[in-house]
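Kindly produce the complete structure, drawing on both the sequences and the hints.
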Amino acid sequence: MTTMTTTGTADTVGTTVLEARGVTMRFGGLTAVDSVDLTVGDREIVGLIGPNGAGKTTFFNCLTGLYVPTSGEVRYKGAVLPSKPYRVTQAGIARTFQNIRLFANMTVLENVMVGRHCRSKEGLFSAIGRGPRYRAAEREARENARELLDFLGIGRHAGTLARNLPYGDQRKLEIARAMASDPGLLLLDEPTAGMNPQETRATQEVVFKIRERGLAVVVIEHDMRFIFGLCDRVAVLVQGRKLVEGTPEVVRADERVIAAYLGTPYEEDAPVRDAVGGSVGAAGDGSDDGSAATVRAAGEDEGTAS
Amino acid sequence: MTEQVPEWGASDQPPQTPLAARQEEAPTVNPAVAKALVAVGAFASLVSTFLAWTWTSSFPGDLSVTGYPGGNQVITLTVSVLLILALGPAYGVPGLRWLAPRGYVWLLRGLALANLASTWYILLAVVIELNGLANWVSGSWVALIATALPVVGSFLLPDDHHDAARARPMPRWIQAAVILVAIIIAMFVADYGITTGFTEQFIGFALAVGFAAWGLNSSGVLSRLTGLTAQNRVATSVAAFVAALLFVFLQTSDQYNTIADDILIFATVALGLNIVVGLAGLLDLGYVAFLGVGAYSAALVSGAISSRYAHTVLPFWGQILIGVSVSIIAGVIIGAPTLRLRGDYLAIVTLGFGEIFRIVVNNLNGQSGPDLTNGPEGVYGVPDLKLFGYDFGASHQLFGVTFGKFGNYYLLLLVAMAIVVFIFARVNDSRIGRAWVAIREDETAAGAMGIHGYRFKLLAFGLGAALAGFAGTINAHLLNTVTPDQYLFSASAPPNSAFLLAAVVLGGMGTITGPLLGAALLYLVPAKFEFFQNKQLLLFGLALILMMRFRPEGLVPNKRRQLEFHQEEVAEAEAHQVVEAQPEAEAVA
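Chains as they are written, first to last, in this note's numbering: chain A, 1 to 306; chain B, 1 to 589.
Accuracy of the hints is not assured; some may be wrong.
What the hints assert, rightly or not - Computed footprint of chain A on chain B, listed as stretches where at least three residues anywhere in the stretch have a Cβ under 8 Å from a Cβ of chain A:
#1 424 to 436
#2 451 to 464
As the list claims (entries may be wrong) - To give a feel for the contact side, a few chain B residues facing chain A, derived at Cβ under 8 Å:
#3 D442
#4 E443
#5 T444
#6 A445
#7 G447
#8 A448
Claimed, not checked - Residues of chain B placed beyond 12 Å of chain A at every Cβ, according to the derived structure:
#9 V152
#10 N232
#11 V238
#12 T258
#13 V360
To be clear, the hints were calculated from the coordinates, so they are not data collected in a lab.
Beta carbons: idealized from backbone N, C-alpha and C, even for Gly.
The structure is reproduced here in structure tokens:
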């Protein structure tokens, strides 16, 4: 894909949209996120990867006000983020959810119009009175929602109940709904989970198009091909800590990342395995897998790029 | 990318479903014979209503007359006529096909069962109440057999259930006329139900209406009608208002206006609760307290003799203002701490607050507390309203019809209900309403969309309280007394918190017609089944369980968009899809 050429321009990006410093989240004795720093520049696409339970979604929740970080600071365009989700959205950060959280019994159009909520102010009395200003705001919200639905290619479903949408379209609707609040930064939590390769590729295109609209994007994803083909920069979280951060090439080549995903070579934990009676051969296979995975990932990427 | 065609897109498929096809293969009676059975039965039962069904006039409603229908025979007559009309689509009579967009067999079955149930019930009642089969005359046997034939015939017919064909576009004024006629017919049915004079008549009526409604619903007439009403909101509202006005002009005495008044109050409050429960999804078990707050506030400043402020006499608008604002304050006081809770906890706390209200006003009598509400005796002697020189307590002649006290209040309550319906409709379809539904659906996601959950929940609570307070203000004048006992959590007669919630849930949450229908049913059924006495609540509980099992969405399910709207859109979308898919397919190839 030609869009691969945008990779590596991260350093040249000017203003900073998001700046998280030393974000730590503890639940009792468990440290889910441990002093993670992350900066996202203007129109930058940043990937956040890591094994299950690494604290990616917790970190997202810290960014969106769902959790208040135990320590650390998150700044959006220079201002410290408020600690309530609705204020964060108001400030300009919108998100999607890992497990789809649409308003199932509302229509697709209404879902997106709800996303517009914080950009309009019409209260109870104007809703009852329906003055010209109310109608203008309502029309604006409707047009905005239709435009977004068309942008994501689900405009034909506008009148459908959200629960009746096919799975892939529900994911798209979540993105449309998040974008309705005119955010400067969009956080996507596993946007391609459960999608087939074609849909994944389509989502990739969608994210590029979102960037063209002037948004910065942070993506959590397990699909490495998706992440490496999409992101300007990738950060790897492992057990709540940021392990590596850099361009996809740097991250892909990093031994520690491979270790985090596939396990460490047997030399390091051989005594443990012996103690449990585990076979050395199995561990050896693991390291073989690691190198094989590296090769395969590289090969796949060439395939995507061509 | 796989695109599913939504289910309503399937309308242009051939009308035969596999199920129906399979049933046709089974060796059954020739459909012509079955249809003939229905037709013969329908005409015979029509004739039977002109015969006597018993020889003595001691059975209520007098079934002993020959030559014209009396008592419950009117019900049988009406259903028989409907049945004959329903044969229209069965025999393909032009002009009657609209009766069965989704297949006539279920319509026939429903109507045949309605006829059978109501007629056999009354014949059985004759035998039991008058002791013995000897009380039957030849007409009874005719009716017995005649109403059975259509049931046999219609169940022998092969199932022809299919998806409704698309409605033909009609000019606006015809749509409005259809709606008006349908609503006025519904009003006449309701009028008959309300004015039934004895229990047997009401049970026969309820059986007939229940089965007929089932048949009409299965045949798709009702959904087509609701589609029409959804497209013509203004026409529907006007028609409903006209029909409701017509009701009071049909009444010859004030006797049934009291029932209608109580239903209107109940329905208005249920609609207010629907904002809290149906839209915002907050389970409020103490809602009747706000009705009480409004009623007490208004009664205290109305110049009632027993009021502590008997010398303070505010005009009606002032009382409304006081009643509504005190209710809002109460709503905010109760809501502010409790709305931080979710789900079950909120329900328990509101239940508690509802009881606290009742116990507090019971004790504010000057002995166990400050003197405010006159304790268990309540505020009595609330004067009747006088608006613009119109005394609501006195009889008036309007357009040649005598309006007694309850007729007067009926008019006022109708206006009050119109206001509440208007507010509900407007707010429901707005930014506020969408925020409420979003909170109901998923509060976390709503927060992530920038909705201040707590503030909007409080707003819903406050608006609900305001509407209940508004209704309470009128209720105080209607009943002339306000006592703590009127505002219980549960009692055998509405309005109380349990019945209000039941009306909303039973009718259909988030809709306007749902709670109105639910309130009417929940009021009428206990009022008409007086002989059940203390078993009313048992029956009521049974009805709720059955309802939750078989129709959890309520009598009037909330369809946020009407069918027609979808069909056009889906068809359009499919056309686009085909155009779009072609270049894509080429690219893949």
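To see whether the hints hold, each was checked on the structure:
no.: 1; hint: 424 to 436; result: holds (count 8)
no.: 2; hint: 451 to 464; result: holds (count 5)
no.: 3; hint: D442; result: 5 Å, holds
no.: 4; hint: E443; result: 10 Å, violated
no.: 5; hint: T444; result: 7 Å, holds
no.: 6; hint: A445; result: 4 Å, holds
no.: 7; hint: G447; result: 4 Å, holds
no.: 8; hint: A448; result: 5 Å, holds
no.: 9; hint: V152; result: 40 Å, holds
no.: 10; hint: N232; result: 18 Å, holds
no.: 11; hint: V238; result: 18 Å, holds
no.: 12; hint: T258; result: 32 Å, holds
no.: 13; hint: V360; result: 29 Å, holds
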